[in-house]
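J.: Given next are the chains, with one letter for each unit.
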Amino acid sequence: MKHGRYPFIVGFLVPGLAIYAVFVLSPFVQAFHYSLTDWTGISPEFSYVGLDNFRRLLDDSQFLAAVRNNALLLVVVPLATVGLALVFAFLLNVGGGASGAGVRGIRGSGFYKLVFFMPQVLAIPVIAVIWSVILEPTGNGLVNSALGWIGIGPLGFLADPDLALWCVMWVLVWGSVGFYLVLFNAAISSVPREIFEAAVIDGAGRLATFLRVTLPLLWDTVQTAWVYLAILALDVYALVAVMTAGPGGPDNATQVISLQIAQNGFTFGRAGYASAMGVVLFFLTLVIAVFMLRITRRERVEF
Amino acid sequence: MTTTLPPREPGAAPPPAAPPAGGPRLRQTPGDSTATATAHAVLLLWSLLVIVPFLWALLASVKDSREIFGSPWELPEVWRWSNFAAAWDRGGVGDYLVHSLVVVSGGVVLTMLVGSMVAYVLARYEFRGNRAIYYLFAAGMMFPVFLAIVPLFFVVQGLGMLSTYHGLILVYVAYSLPFTVFFMHAFFRTLPTSVAEAAIVDGCSHTQVFFRVMLPMAKPGLLSIGIFNVLGQWNQFVLPAFLSPEKPVLAQGIATLLAQQRYEGSWGVLFAALAIAMVPVVVVYLIFYRQIQAGLTSGTLK
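Heads up: the protein sequence lines correspond to chains F and D, in order. Per our numbering, residue 1 is the first one in the first sequence, and the count goes up by one each step. Per our numbering, residue 1 is the first one in the second sequence, and the count goes up by one each step.
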């Protein structure tokens, strides 16, 4: 067993570590380094400017707009996605009505899971293109012509600064709900049936069963979902870049941090400044992950 | 690792929550049927919200621009299949498809190989620095790609790998490694040690044990993480958008086409390109959806 052990270990680790170090670790470390410089990305020279980049960020109205929009995404997207997915999981699992053996699942739950999950397997630009044309601001778009039937005038959607970000959030939620429904449903299926039966025998209705029994048992999964969605809301780029022209949408209405990083780093030749934004994004992600795990911490239920 | 949603045979009984059709019908109160009807109504409404956009996009692929915007809810007067030929040649979809296929096949095979090698060694061998390397990989799952995108561009440029197949493949592998290592690490830990020990006694080298014994035993895990990586790399947009401007992959090509249509106005061609990008993925999804859902969710649950 000892023979050839170390050469083997090293030989197996090196390819993976090398690729990971060159393309992931080194850029991450460099980002912290460049955030302290005035590097343009074009000329090889740069000088250190200390925390100047970070100070400038505080006065950058576009960046502040991006942070505000990301903050809204961060609240609305996880709340709406987890909420809808839980409601759908509830309907799937107890919609079949109560019976002697406990609450029953709904018929056709396989079909619903199949359909709801579908956006998850498609590339984001595909989804973005479909929705940006459906939401065409003139009366000729799919949604606007339907609104016309019930007498609502054409809405500007992605062209309207008040609506654009909400449209983006809608598409994010629309695309993610199915995944979390399947996730929650899988978690519910792993709960022993006796627990639900016991609740019914004790006289709990289906809503009470869901709120008092199912939800606490799902808490770990909900917590994981929350962190994933928060990262998604911070990292959002493709939807905004493809759906809203600009880029950044009307009046920076859909400006987000990732878009600002790309613009400053590649279009305006401010690689150092863009790296500083990256560092801010990193700490935001870190703080939010820790915060989410803290506030949602509960007594772990074993079963 | 717990697979909470085991792949089921197609057509097998739904989860235990639902009784088999035709089984003993339980007495339903009027309140129950109202609840059931409401549940179905809500779920059907959301199903429509998902399906209608896709069907509408498919229909738009055989319309012309005037019909797409003038009569969005109607069938086309003439079914313009020529949109597809135009998307393939003029829109460059044929090229994008080839780029995507090359990069994703190379990327997934290399990810699986390199990722399982690292995960295996970390999971089954004690050595100094084991934990540190594991956390180094695991940490990669948390970091936003955008923190690194600007320096990454210059790394790839410095290596002369912008807009090359091998450059994109290596980057895809690098960003797929954290989750792959994390997932396969958990999987290798659950495999019994006795078989590997027996193989060693029989004179297998460590490398032979890995390729002949452990990898075949890890097949279910490899399948789950393989599907995850195929979907993830096929749908990748951010990395190629910055690192491969001259060799666009499919997702990137679609975004470029949309930008062009804002000026050219041949929307039917855009939707034909969308259909070409969308239909194969949806067909694969419909065939393997149980495995896909199980793979993606088991990855997140543990």
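No wet-lab data here; the hints were simulated from the structure. A quick note: this is a predicted structure, and the numbers were derived from the prediction, not measured. Every residue, glycine too, gets a C-beta built ideally from N, C-alpha and C. It is possible that some hints are incorrect.
Said to hold, decoys possible - Not everything, but these chain F residues come out facing chain D in the computed CB check (under 10 Å): (1) V22; (2) S26; (3) G41; (4) S43; (5) Y48; (6) F54; (7) L86; (8) I124; (9) P125; (10) L163; (11) W166; (12) V177; (13) W219; (14) A262; (15) F291; (16) R294.
Stated by the list, open to error - Cβ-Cβ distance ranges computed for the label pairs, FRET-style: (17) H166(D) to F111(F): 36 to 46 Å; (18) V287(F) to I200(D): 41 to 51 Å; (19) D60(F) to H166(D): 29 to 39 Å.
J.: Does the nearest C-beta of chain D fall within a distance shorter than 10 Å of the C-beta of R294(F)?
T.: violated (16 Å)
J.: Taking 36 to 46 Å as the hint, is the beta-carbon distance of H166(D) and F111(F) inside that range?
T.: holds (43 Å)
J.: With 10 Å as the cut and Cβ atoms as the points, is G41(F) at the interface with chain D?
T.: Holds: closest Cβ of chain D sits about 7 Å from G41(F), inside 10 Å.
J.: Hint says 41 to 51 Å; check whether the CB-CB distance for V287(F) and I200(D) agrees.
T.: holds (47 Å)
J.: May I ask you to test the interface hint for P125(F) with respect to chain D, counting a Cβ-Cβ separation under 10 Å as satisfied?
T.: holds (4 Å)
J.: With 29 to 39 Å as the target window, see if D60(F) and H166(D) comply at their CB atoms.
T.: holds (38 Å)
J.: Close enough to count: is the Cβ of F291(F) nearer than 10 Å to one in chain D?
T.: violated (14 Å)
J.: If you take the shortest Cβ to Cβ gap from V22(F) to chain D, is it below 10 Å?
T.: holds (7 Å)
J.: Quick one, is the S26(F) hint okay against chain D at 10 Å, beta carbons?
T.: holds (6 Å)
J.: Verify the interface restraint on A262(F): the C-beta must sit less than 10 Å from at least one C-beta of chain D.
T.: holds (7 Å)
J.: Given W166(F) was flagged as interface, is its beta-carbon under 10 Å from a beta-carbon of chain D?
T.: violated (16 Å)
J.: The hint names V177(F) as touching chain D; please verify it with the least Cβ-Cβ distance against 10 Å.
T.: holds (8 Å)
Checked against the numbered hints above, the structure violates hints 4, 5, 6, 7, 10, 11, 13, 15 and 16; every other hint is satisfied.
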